[in-house]
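Q: Residue numbers (the numbering used here), protein chains in the order written: chain L, 1 to 125; chain C, 1 to 290.
Note that these hints are calculated values from the structure, not bench results.
Misleading hints may appear alongside valid ones.
To be verified - Computed footprint of chain C on chain L, listed as stretches where at least three residues anywhere in the stretch have a Cβ under 8 Å from a Cβ of chain C:
| hint | stretch |
| --- | --- |
| 1 | 51 to 63 |
| 2 | 88 to 99 |
| 3 | 109 to 119 |
Glycine included, each C-beta is placed from N, C-alpha and C at the ideal position.
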Amino acid sequence: MVDNFIKRLPDFVNRDAWLIWRGRHLTTTFLLKSSQAEYFISISEGEIHQLVAGPQLLRPSVFTIKASDGAWLKHWMKFPPSGWHDIFAMVKIGEASIEGDLYPMMSNLRYIKELIALPRKMGRD
Amino acid sequence: METGIHKLEPIMGRYVNVDISGQQSRIYFEESTLSGDKAIPVVCLHTAGSDSSQFRHLLVDKEIAANFRMIAFDMPWHGKSLPPVGYQDQEYRLTTELYLDTVDSFIAAIGAKNPVVMGCSMGGRLVIELARRYGKNFRAVIGLEASDYQTPWYDTEWLNRPDVHGGEICSALISGLIAPQSPDEFRWETLWGYLSAGPGVFKGDLHFYRQDSDFRDRSSEIDTELCPLYLLTGEYDFSCTPDDTKRTGQSIPGAKVTIMKKLGHFPMSENPELFRGYLLPVLADIATSQ
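Isolated chain C (complex conformation) (with noise of 0.2 Å):
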């Protein structure tokens, strides 16, 4: 993989201005110009409290390029995205219903014609919802660290509080799901989205992701016919376990689940040219299905 050695690299940021449940919103995002007019789009759902430059790695990969445009782009609140005029007097979280709307309103204003998405961690758990209700809009999903759900391991009472410096508790907490076999610098780079982000965003996400998703008692109702379902999960990841992972892969006939070694909760990011290994297989998969 060709990764940090283009002076100019091979990616195209731009904004696109959408409106998401009524709010206008300029998003942020990026894609590869290494791909042809024919390939397959690839929509990347960042995790909670960071953004899109997660899959800067994917971008740039020659060999995924050859069949599939990879987009990334931030949410709203989230690394280049602005957060909705009116924020200061309000305390961001995210719920399905509104997430659901993000998605599909980029989707629609980037023109992509039934794409892949790939979510990872709350983006790996919106992906089941979105296969759920709207899978006949998509080519295949892909969830990363996904499960339909998972049991919390600390109180996110702590993210946001003036008493406490944000980013630093941020990043100290989720710096464990990181494998302790990844490279020092991805695992720093990984750090920096948390270190970074606004205050009480990673919260707001978590909303979603903890008291908002739990889909056990739907998951099932996945046409894998209609939408391909690929779970991939990191060995290391103590938040969604490769047992959170095998049991939603148990519940959705069809679903097809890889627990990966030496990866933790940011695989895309925490060791890409790893994480490539068990990602090419399932884009060959879905490149020549259908």
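Next up, chain L with everything else stripped away, as it sits in the complex (with noise of 0.2 Å):
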């Protein structure tokens, strides 16, 4: 389940043309992971030119952001159960980890933020 909302990231990204402006300084790749299933998300100035499942060996990311199947269930919540709302909620509770080089997460957060909760949007189908 979680497999089928990140596979439509790229969908839901691209056409969202005020998200791609926030993010139109943002070049990067980054490893979206959870229990069964791991993406390398590349993003080019705002829009996902290019989602890989893993896992890939030797290829790079920037940064991973980790979570259990079940913690990404939550956070995509309409709404969300208190602790799960919020990556920081998560990873402060143990539910969630971010590691690597932060600066591009951090420089574009606003953006990260709503692209990792953009399943909400999705609807459970």
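Grab the two chains, each in its own frame, and use the hints to assemble them into the complex.
A: Structure, rendered in structure tokens:
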């Protein structure tokens, strides 16, 4: 289920003109991980131009955001429970981790937080 | 609650010049014009990195104004209060002593007698020390999103550096402290306080909040018979968590703790209608006591 949400991210990001505009200065690749899946998400000036399923040996990424399937599914609820409603809340309670070079994320924080929360808009189909 | 429908809102804004720790400061404050002469003054302390507009909804609340005179001021460096002369050659760092002196000087300057002090976040932290040191001077204190200590959740070095937009990162960081149920209009109004703040101001406030205000070894000294203490925390606040507030309340005999459902770190601005439902009973309790 988590897999299905992540696979739809490029479609949802690339048709959101304001989100692309907010990420217009961001070009990077990061790894989004769950219990069962991992994806290299490559962003070019705010658009996702490549989504590659892992694991991919020796493929570089700048930073990694990781949470369990259950944590992601809670994060993507319309009204997530307290603790799962924000990626930093999840990190604080030990339900997620963020590692690597954080500069691209922190300097584009609203964009990254909105991108990883996009499955909230996808519905649970 | 009547908010946003007045053409001319019942809020008056003024400046007062005060000496704070030897530094002349021009402080901007707002107060409700709805209150009578006998109303109990309530001095409101805004969160770190924002300003007094967070309390605007409470200032136009007729039911509150029936018994209370709501007053909110911008700390120096915040909102319409300028930083001190020479700010360009210093790094702003709020300390417990400077914060206490700021609040004390402001209250003296406006002549508020035996006020209630209500602070949110870092303001909530301060009211704990205010009650401990100077409890006899206050009718009560209310700590919103308040505890005597909490665990940090990010590196404040991100907040003030030339290669990261200060307003953008401050607002994006704290955006998660707002409850997901809070209306979009008020979510983004709350975030504007952070988007529009001066460089390094939030970080400077957090020097007090993170490094100079661990009150765990002294909060139990508060005499709540002398100065009633109310602590209200939103369930979605992961900065000052409900557990932080409950632990603090348990260490202070007589402290009254309320955990607020569907609210976060900015209850008065992120969801004013929901928040007043929690605040009104507290104010009623204060109005009928003593």
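Q: Taking the hints in turn, state whether each one holds.
A: Consistency of the hints with the structure:
1. Beta-carbon proximity to chain C at under 8 Å applies to 0 residues in the stretch 51 to 63 of chain L; the threshold of 3 is not reached and the given coverage is violated.
2. Coverage of a stretch by a chain is defined here by at least three residues with a beta carbon nearer than 8 Å to that chain's beta carbons; for the stretch 88 to 99 of chain L and chain C the count is 5, and the condition holds.
3. Restraint check on the stretch 109 to 119 of chain L versus chain C: 3 residues with Cβ-Cβ distances below 8 Å, three needed, restraint holds.
Against the hints set out earlier in the document, a violation occurs for number 1 only.
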